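Going down the list, the protein sequences come from chains A, B, C, D, E and F.
Quick note on the UniProt record's numbering: the first sequence kicks off at 1 and runs consecutively.
Quick note on the UniProt record's numbering: the second sequence kicks off at 1 and runs consecutively.
Quick note on the UniProt record's numbering: the third sequence kicks off at 1 and runs consecutively.
Quick note on the UniProt record's numbering: the fourth sequence kicks off at 1 and runs consecutively.
Quick note on the UniProt record's numbering: the fifth sequence kicks off at 1 and runs consecutively.
Quick note on the UniProt record's numbering: the sixth sequence kicks off at 1 and runs consecutively.
The set of hints was computed from the structure by calculation and includes no laboratory data.
Below 25 Å or equal to it, Euclidean Cα-Cα: the simulated SDA-like pairs (lysine to any residue) are:
id	chain 1	residue 1	chain 2	residue 2
1	C	Lys293	A	Arg214
2	A	Lys115	D	Gln289
3	D	Lys115	A	Thr308
4	E	Lys311	B	Asp128
5	F	Lys198	B	Ala272
6	C	Lys293	F	Tyr125
7	F	Lys215	D	Glu300
8	C	Lys305	F	Gly116
9	F	Lys198	F	Asp268
10	D	Lys198	F	Arg229
11	A	Lys198	B	Asp268
From a predicted model like this one, the values you see are computed outputs, not experimental measurements.
There are 6 protein chains.
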Amino acid sequence: MAAGIVASRRLRDLLTRRLTGSNYAGLSISLRLTGSSAQEEASGVALGEAPDHSYESLRVTSAQKHVLHVQLNRPNKRNAMNKVFWRSDLLDELHHAFSPGIDLMDMASDILQPKGDDVARISWYLRDIITRYQETFNVIERCPKPVIAAVHGGCIGGGVDLVTACDIRYCAQDAFFQVKEVDVGLAADVGTLQRLPKVIRNQSLVNELAFTARKMLADEALGSGLVSRVFPDKEVTLDAALALAAEISSKSPVAVQSTKVNLLYSRDHSVAESLNYVASWNMSMLQTQDLVKSVQATTENKELKTVTFSKL
Amino acid sequence: MAAGIVASRRLRDLLTRRLTGSNYAGLSISLRLTGSSAQEEASGVALGEAPDHSYESLRVTSAQKHVLHVQLNRPNKRNAMNKVFWRSDLLDELHHAFSPGIDLMDMASDILQPKGDDVARISWYLRDIITRYQETFNVIERCPKPVIAAVHGGCIGGGVDLVTACDIRYCAQDAFFQVKEVDVGLAADVGTLQRLPKVIRNQSLVNELAFTARKMLADEALGSGLVSRVFPDKEVTLDAALALAAEISSKSPVAVQSTKVNLLYSRDHSVAESLNYVASWNMSMLQTQDLVKSVQATTENKELKTVTFSKL
Amino acid sequence: MAAGIVASRRLRDLLTRRLTGSNYAGLSISLRLTGSSAQEEASGVALGEAPDHSYESLRVTSAQKHVLHVQLNRPNKRNAMNKVFWRSDLLDELHHAFSPGIDLMDMASDILQPKGDDVARISWYLRDIITRYQETFNVIERCPKPVIAAVHGGCIGGGVDLVTACDIRYCAQDAFFQVKEVDVGLAADVGTLQRLPKVIRNQSLVNELAFTARKMLADEALGSGLVSRVFPDKEVTLDAALALAAEISSKSPVAVQSTKVNLLYSRDHSVAESLNYVASWNMSMLQTQDLVKSVQATTENKELKTVTFSKL
Amino acid sequence: MAAGIVASRRLRDLLTRRLTGSNYAGLSISLRLTGSSAQEEASGVALGEAPDHSYESLRVTSAQKHVLHVQLNRPNKRNAMNKVFWRSDLLDELHHAFSPGIDLMDMASDILQPKGDDVARISWYLRDIITRYQETFNVIERCPKPVIAAVHGGCIGGGVDLVTACDIRYCAQDAFFQVKEVDVGLAADVGTLQRLPKVIRNQSLVNELAFTARKMLADEALGSGLVSRVFPDKEVTLDAALALAAEISSKSPVAVQSTKVNLLYSRDHSVAESLNYVASWNMSMLQTQDLVKSVQATTENKELKTVTFSKL
Amino acid sequence: MAAGIVASRRLRDLLTRRLTGSNYAGLSISLRLTGSSAQEEASGVALGEAPDHSYESLRVTSAQKHVLHVQLNRPNKRNAMNKVFWRSDLLDELHHAFSPGIDLMDMASDILQPKGDDVARISWYLRDIITRYQETFNVIERCPKPVIAAVHGGCIGGGVDLVTACDIRYCAQDAFFQVKEVDVGLAADVGTLQRLPKVIRNQSLVNELAFTARKMLADEALGSGLVSRVFPDKEVTLDAALALAAEISSKSPVAVQSTKVNLLYSRDHSVAESLNYVASWNMSMLQTQDLVKSVQATTENKELKTVTFSKL
Amino acid sequence: MAAGIVASRRLRDLLTRRLTGSNYAGLSISLRLTGSSAQEEASGVALGEAPDHSYESLRVTSAQKHVLHVQLNRPNKRNAMNKVFWRSDLLDELHHAFSPGIDLMDMASDILQPKGDDVARISWYLRDIITRYQETFNVIERCPKPVIAAVHGGCIGGGVDLVTACDIRYCAQDAFFQVKEVDVGLAADVGTLQRLPKVIRNQSLVNELAFTARKMLADEALGSGLVSRVFPDKEVTLDAALALAAEISSKSPVAVQSTKVNLLYSRDHSVAESLNYVASWNMSMLQTQDLVKSVQATTENKELKTVTFSKL
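Chain A extracted, bound-state conformation (with noise of 0.2 Å):
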């Protein structure tokens, strides 16, 4: 997190990028609803057939059934771009386990001036604003519905915060990485250097990136294993972001949702601590309708897209 005029440089950057007709425009989010509660579908189906839902800077469309695609459109002014990133009103809606949003804005102004009669002050002040940025990335991880990230151009600074806090990563041939953070003085405070090392395992290569600030272009991005897949341009990324979405929406939510919950606990913790927890969540997950639907399915040869599963 930087204080004063750096976090607006990153969101600058950013938006500068974008501004100018660059490469950046498209870094989007793939969120699966499946079994989304009642108020969300029909939500969900005035997404789909009335005007979009219009976040000022994102662009939220109902790719298809149990799937929103949520893109960061391209805003035409600074202000757009900081609610876009550091407000998560829209995250809000689909999972409801989450703390108000951050109004930048009046933070921004904050930062540059931070509160506070001496310096203890104005560190209890930045780490509170330092643990709601944190917060913003945080509720990702604990929407327990997959989160798939489609990039392409650059994703810089807080983009690698947010897309190292998605599940699975894809992007374009175009696309590169940057740890910009150094560069401005500070180090990443707000999910690089806490997520990066678990999500690419490659120690030196983190640590290069992260004290250099290099763009790391797509094919290396794919050898590392920080993304699962590269694509020729932004359309076939983001088609094969939502032909996974649409996949992994046509199987049974609790076996998607507890792989979710599970798969970020064993992250954290010993193999015996995680192998402990998820007997403890399956001994009631196994009692799901799902399981014998599923089996039905195979057994009959049907695809699982054409199961109904109950809303989780």
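With the hints as your guide, set chains B, C, D, E and F onto chain A.
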């Protein structure tokens, strides 16, 4: 783990494939037996000289001194298969620290009609079963002797649980891997979701495999690090695995088994904790004659396989 | 760690290779010294102007401002080598948080004839020695300045302990890596088994290397992520390492060193713990002038190396 | 946590006791508000001057400067009680890091007829509710200001969840404590089983209380360390709690709140981890003016309450 | 744990005391058996009606419904004692998750003349034995039913290992406790040093007891929290323990056993981890009929012992 | 830890009290030296025979064989005191695993005028100092020999940091304890907040002491478990501490020191982790001759002090 018919389905998948002469016939494990106890030694000899052990669907041969070759034999009926996978009679012989095996057939019917007067009691019962299933694979880790998996054909569902609990994975060009559980409506709970993220460490790929149940072919398995080598076919793979087992079995059992214990410890602990543990471990293990013998052999340019190490 | 003559053998391996003009002559470390203390600064100047420091078998030159080049010199006698590897006089100068060095020669003889009236006392004694050996490499991690290893020729046994404790690894095409300990009858206990699984994260490969002591060549080291780049030969490798060191040293020392501290913290903790830690860390570090300077340079399109950061 | 009518029963227990003029009327919390924000300051004044805040069943008075007295008022109907216990509107005002409150009445009916088409879905739903209940008490810990519980009469079920999340516990002679959950057929899941063992640390007693639901009277509570002081009656207890709150509020808020943050961190981490954390915490907090002011006051033999510390 | 004659000495200590009519005759355990399986139920009846089970030196009686009274009988020879303490045949029957018992007599001689050709092999062998000894007491914790220790006379060495693994400790006025291991030249390694600090939590006292092997009498045991109640003599203690067992056995087995599982989890994890775990646990356990039955009983002012809960 | 004049104030508090003949004159530590190295043995003799070691303000006498009595002497000037408290020259001699001492006087002035060009650099500098202060007390834990604190008079601020790092605490009736830091505007950061909650385990009391800085008298210290015994006056306390030291020093050093190592390990790890660790620890330590000697002595009814154990 799967309630009801799911568990049997997973087994059946594996079984069917093999019964139809498919490519799954030969997932096999080479178990190294260096330093086996007197009793094991004797039976080891027996294995070599006499008709091999016959564990119904497991074919166990004494490939060479100190190397036990456990082959999932082509079972001709379902019961046998169950015992192969879920009972660990054989593994139990290799290392005594193992709880009684599981008679899946008894369990299978129970799962289909789970016992218990209410949800809590059924849950309690299911948790107990999941824990026992987990234990079947835990024993591979708890056995201090290296276990090598030589995979050809399909390695699906329980097969992935099994190979991720092994120490080294080789595969044939025709091998493929599938985290199948999501397709039968459950989160994998006997090892895959817990160990795979620590085995290949490409978070995006692990998630993609677990959410989609798609096949991963041999080359991708090599590229991502699930296997460390790929060979043209089943026979070459098996030969390589046995050669590797022979190579390892020529070395000091104190060195080899201490290495396994500490590598597994390191996987689940911080570097500082692991350094502390190995210091307490090696304060006795360094007092072994194997060290003197090994150094002497190296000094005299003798191969280690000419050295006789005491049983461990 | 090795009792008795094993330790000296490991050292001898390394030594012999070098004495015979072999390919091991140049495992070298580039230490970045941005923001060194006044005293270091002074000696840094001395390094540049005067005859370079001479640490017997270590050749230390001031490659460029803020970059210290530590070269394992061609030592012509065994004692010297010991001091290079196991004493950390030099490293100690670079960072004060370091315990007194180890005089291996004194220890070596002790190990050959370990002190102690019974097994428990010998064990106690050996544990103490192991811990001290470990500490030699821990200091590289504890030093908050990035350490880059530029490897050519063989990197064997203690060499792997050393480079896995470094932050970034580059190597020449002729480099190879060998976890040699199993061949001398012991489990590696001063860092390799503890750090390698967290460095390359290909469990099957790590295990294979540790159980077999086979050589891993440069290409496999790159593919598996042990090194992040491979270069044609020793000179190019070294130039690249020094260029990398120069690049890093041009950036804010607050940003660079905070990044190292937090990357290491993240390696050993969960994401939640790491986010909490960095928030408490950065609440003060964000109040640095480096941030203002860095942003200003970026805004004015100046290179960071034109900026003067205060010592840290 | 309780499904169905259990939750309401627990609430009713508490409620009934109070409605019948019983001895449970006065479980109260004194919240220290030193260094409150401008807005809080303002409302603080309002509290003092104007008719006190009225939160239905919570009676909130401004006991004295920087001390907020929150009293569980004698509610005359069930709904109100619910809001007192499970919504945290008030606490939310005191510290912003808090998620939206819980409208128990909506939940209560849901629990009685839990939503979900199968066991897995009902489980998912219940887990969500349990987590929200837990959060209600977590907020007391997350609030960096010390919270003092002054208990008189019965402290039962949810009451124990509440007071174990507080920092200091005083009680009147007539107080008693009861871990009631086992009597309504469930394991306590919103804090008691998780915190009580870390609060009183007499394992045998904790287990006995949790397995039997027996009452623990004031003297045993003092002897076992659940409370740190016992007073003759409700009024004296409350006066003592308020005096303690006043005493604490006279000290540096940087010192007090840093102390709370680090005491809680120490509870859940090893000594080594805790020392590392406090070092990173205090590297900024030691740069406070409070330190200079406090030392000066001590040097001049002035009482701390004569010192004005800035808001935190 | 003790090598050689030490182990037998510890046993002998316990034995001798009893054989000579000393005050150690009655360390006993009341095991609650609510919700036992069909087979257990049957044998439970047998226990009540027929001649009680006879486990050589263990006297097992069915004190009352759902309560099993296991008494360390006055064994008349050493072998028997061994089996009582170190084999867990009985406990094994009570809960199936238990590995095969230990035949101490076979081990004892082995320990006196430990197997192994060098220090490393003897160490390996000893570690295996220690682990098995530990497992004997771990089973008490792993058994989800509460275990109550009713101590009279001396509780020495292995006795402390035993009672610290129990859930609740009552003792007679004549009881004393002694961490005896230091006097026989070893650090206690089968539970005392690991559990005692988490049981009584008075670090200074725990250390003093462990360093000096001094006796701690009943009053100090009560004051420090090792036991939760002290009674005049053996009979009263036992009656109280049985009454407690009866009281607990009248409650919902889902509630009681879930409570034990979660209390033990909380002991070894942070509050945050424990809250997460119990939420996943209770999402199924709250769907029990016990909850409805318990609430109903309370509402109707019936005692819980009039309610019939299903087996668990 | 304290920035600026605070640190010196804390020291001055302690100092003043003593200079004015106050009740703080005699906080003393008895260090057990069983099995000291040859060099220590020699100096031990010297201690007994010759004029005692003179460490300025530390008075070091050889109370009896294997027991070193370190007394905080009445220093007559401030500098001396600093060295007593913050340098660990003496402790360093007792156990070699210790980093270089701290020259507080150099530091003190630095703290008053902390170095660093901006907040980040001052923070970096302060963190380094805090860590060094912490290390001074950590060495007491890292020393495997038991350390007994015999407290009389006031034990304030740094005194509490010191005694909570000791293994056993005795005090005189006139002793009192004060967590003073909050009164000088900081959170205690060199041990008290980290260790006190694990020493006395009465959360409410610990918090109260830390938030209020109130005095805790001897009786409350005993009741809460901070000390394990209280004696009438300074002399009796000291005699008791020395007698305890003598008692401990008569036992096997392998047993005693292994006990300390494992008790500290247990404090910071789960029971399962601790059992694993002690098994690896004792697999060598059980092979000690001390075990045979101890058992023999017990069998022959000889006191342990008549046995000669080898040095450790």
